[in-house]
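> The lines below spell out each chain.
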Amino acid sequence: EAGVVQSPRYKIIEKKQPVAFWCNPISGHNTLYWYRQNLGQGPELLIRYENEEAVDDSQLPKDRFSAERLKGVDSTLKIQPAELGDSAVYLCASSPGTGNGYTFGSGTRLTVV
Amino acid sequence: QKEVEQDPGPLSVPEGAIVSLNCTYSNSAFQYFMWYRQYSRKGPELLMYTYSSGNKEDGRFTAQVDKSSKYISLFIRDSQPSDSATYLCAMTAYGGATNKLIFGTGTLLAVQP
Numbered sequence: 001e002a003g004v005v006q007s008p009r010y011k012i013i014e015k016k017q018p019v020a021f022w023c024n025p026i027s028g029h030n031t032l033y034w035y036r037q038n039l040g041q042g043p044e045l046l047i048r049y050e051n052e053e054a055v056d057d058s059q060l061p062k063d064r065f066s067a068e069r070l071k072g073v074d075s076t077l078k079i080q081p082a083e084l085g086d087s088a089v090y091l092c093a094s095s096p097g098t099g100n101g102y103t104f105g106s107g108t109r110l111t112v113v
Numbered sequence: 001q002k003e004v005e006q007d008p009g010p011l012s013v014p015e016g017a018i019v020s021l022n023c024t025y026s027n028s029a030f031q032y033f034m035w036y037r038q039y040s041r042k043g044p045e046l047l048m049y050t051y052s053s054g055n056k057e058d059g060r061f062t063a064q065v066d067k068s069s070k071y072i073s074l075f076i077r078d079s080q081p082s083d084s085a086t087y088l089c090a091m092t093a094y095g096g097a098t099n100k101l102i103f104g105t106g107t108l109l110a111v112q113p
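For the protein sequence lines, the chains are A and B, in the order given. Be aware that the first sequence starts at 1, since it is given in my numbering, and climbs by one per residue. Be aware that the second sequence starts at 1, since it is given in my numbering, and climbs by one per residue.
Where hints are given, some of them may not hold.
Just so you have them, the derived chain B footprint on chain A, three or more residues with Cβ under 8 Å [said to hold, decoys possible]:
1. 36-47
2. 103-112
Below, computed lysine to aspartate or glutamate pairings styled on EDC-like, alpha-carbon distance capped at 20 Å [to be verified]:
3. 42/B x 86/A
4. 70/B x 5/B
5. 42/B x 50/A
6. 78/A x 57/A
7. 56/B x 78/B
8. 78/A x 50/A
9. 2/B x 44/A
10. 16/A x 74/A
11. 70/B x 7/B
What the hints contain is simulated information worked out from the structure, not anything from laboratory work. Glycine included, C-beta positions come from ideal geometry on N, C-alpha and C.
Bound conformation, chain A alone (with noise of 0.2 Å):
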């Protein structure tokens, strides 16, 4: 199983240029996470999916964030456009909607200069 797979790892832009992350979840797992984790502290929600469904979106900055999920399967997180304070890792988890826990990807470690 090759787990949760994002792309890229590293990412450093100039502020007010756009990025995006992307996720391939665990294959069969029908809800996909976003979190964002800032240096020090713990992961928060950005965005839930429920197959192609964002059911959670309450935490995602919408003025500048927006995820996209199709065919249920990858999603693309994107921000335009970038601030300094968005410097953080991007996480992707997912989940077969049973049972307990998630799994994590490696994330994207994005610096804004």
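Fit chain B to the given chain A structure using the hints.
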């Protein structure tokens, strides 16, 4: 006040020591409690999952939940240098994939050989 409080450490112990990691929380609705281990530049990895109050043991790891005190603990026996990582507690009111996890800030543990 944060919903979940966790001492960030760092905590440094000699190899073979018993390690105690703790979290307190304020939301009495939390029923599902997890401990994740996060190595540097990796995503969180689920270690232990418990429901309601009580103890759960898995090898060198023991998780304890005291709902009356809103206090959870993770004990690591015979600690090894490979246990050096950040340990995150997480909790939620509902099981399965339907509810977001609330994480502590994580405790950085260093086990010295």
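> Next step is simple, just say for each hint if it's right about the structure.
Status of each hint after checking the structure:
With 6 residues having a Cβ less than 8 Å from any Cβ of chain B, the segment 36-47 of chain A passes the three-residue criterion, so the hint holds. Residues of the segment 103-112 of chain A lying with their CB closer than 8 Å to a CB of chain B number 6, which satisfies the three-residue condition for coverage. Taking the CA atoms of residue 42/B and residue 86/A, the gap is near 19 Å; set against the 20 Å cutoff, the hint holds. Taking the CA atoms of residue 70/B and residue 5/B, the gap is near 11 Å; set against the 20 Å cutoff, the hint holds.
Among the hinted pairs, residue 42/B with residue 50/A is inconsistent with the structure: their alpha-carbon atoms are about 25 Å apart, more than 20 Å. Only pairs whose Cα atoms come within 20 Å are accepted, and residue 78/A paired with residue 57/A is accepted, the gap being roughly 14 Å. Taking the CA atoms of residue 56/B and residue 78/B, the gap is near 17 Å; set against the 20 Å cutoff, the hint holds. Straight-line distance between C-alpha atoms of residue 78/A and residue 50/A comes to about 19 Å, which keeps the hinted pair within the 20 Å bound.
Taken as a hint, the residue 2/B and residue 44/A pair is honoured in the structure, with Cα atoms around 12 Å apart against an allowance of 20 Å. Among the hinted pairs, residue 16/A with residue 74/A is inconsistent with the structure: their alpha-carbon atoms are about 26 Å apart, more than 20 Å. A distance of roughly 15 Å separates the Cα atoms of residue 70/B and residue 7/B; the hinted pair therefore holds under the 20 Å criterion.
Against the hints set out earlier in the document, violations occur for numbers 5 and 10.
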